[in-house]
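Colleague: Go by the hints and put chain B onto chain A.
Protein sequence lines correspond, in order, to chains A and B.
All residue numbers for the first sequence refer to the numbering used here, where the first residue is 1 and numbers rise by one.
All residue numbers for the second sequence refer to the numbering used here, where the first residue is 1 and numbers rise by one.
Simulated from the structure, these hints should not be mistaken for laboratory data.
If you're wondering where the values come from, they're calculated on a predicted model, not measured in any experiment.
The reader is advised that the hints may include incorrect statements.
Unchecked claim - So the derived label-pair ranges between C-beta atoms look like this:
| id | chain 1 | residue 1 | chain 2 | residue 2 | range |
| --- | --- | --- | --- | --- | --- |
| 1 | A | Asp-18 | B | Gln-60 | 41 to 51 Å |
| 2 | A | Pro-61 | B | Ala-29 | 24 to 34 Å |
| 3 | A | Asp-38 | B | Glu-15 | 44 to 54 Å |
| 4 | B | Ala-78 | A | Gln-14 | 31 to 41 Å |
| 5 | A | Thr-7 | B | Glu-39 | 18 to 28 Å |
Ideal Cβ placement from N, Cα and C applies to all residues, glycine included.
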Amino acid sequence: DTAVSQTPKYLVTQMGNDKSIKCEQNLGHDTMYWYKQDSKKFLKIMFSYNNKELIINETVPNRFSPKSPDKAHLNLHINSLELGDSAVYFCASSQDWGSEQYFGPGTRLTVT
Amino acid sequence: GENVGLHLPTLSVQEGDNSIINCAYSNSASDYFIWYKQESGKGPQFIIDIRSNMDKRQGQRVTVLLNKTVKHLSLQIAATQPGDSAVYFCAETVVNAGNMLTFGGGTRLMVKP
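The shape of chain A in the complex, shown without the other chains (with noise of 0.2 Å):
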């Protein structure tokens, strides 16, 4: 029943790996989405994609990389973790680049 869903919840790695987060999600939506959140709650975007276009935040380091192997699925690629990385990463979707986001449950990385 999950709409959208992410692996792993809990990600602990050290500085310098290359790790990944999946997203998927179940609803038919076109538009998939990155969000990193901070000690401090603070919710920032970083993509908007979808099979036409990616968008990037331009604060975004291009260590992040977005891939979609198909249209249900935006997974995360961060290469050369740094500290600073530590959050949590939400990945949501939409209908379309009009319609209301759907977020899923986080997952919440560690850099040690």
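Modeller: Chain B in isolation, oriented as in the chain A frame:
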């Protein structure tokens, strides 16, 4: 009770009272506004939205007011219940620019039984 922007990040109300959470948004070009509720350990959950061609929209126990002149958004919750306790975020976006939400800093609502 009434919370004004980020200066009062926690709003405490008595069960049964009405709650008002305020938000000042930044982009005058934003045309779509949403309120989200986030409970501990969970993702943001959609509450209600409003488009820039409206100034008021009502849902079940919730009302959103939009004042574009002063770039202000508010969420009113009627008869607040303990289950309403959470962090509330306003978000704004320009739909044709990729629908990338810009979130406000959040307000924690605490409901006292």
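Colleague: Indicate, hint by hint, whether the structure satisfies it.
Modeller: How the hints compare with the structure:
1. A/Asp-18 x B/Gln-60: 41 to 51 Å: 45 Å, holds
2. A/Pro-61 x B/Ala-29: 24 to 34 Å: About 26 Å separates the Cβ atoms of A/Pro-61 and B/Ala-29, which means 24 to 34 Å holds.
3. A/Asp-38 x B/Glu-15: 44 to 54 Å: 31 Å, violated
4. B/Ala-78 x A/Gln-14: 31 to 41 Å: Given range 31 to 41 Å: violated, Cβ gap about 49 Å.
5. A/Thr-7 x B/Glu-39: 18 to 28 Å: Given about 20 Å between the Cβ atoms, the range holds.
In the structure shown, a violation is registered for the earlier hints numbered 3, 4, in ascending order.
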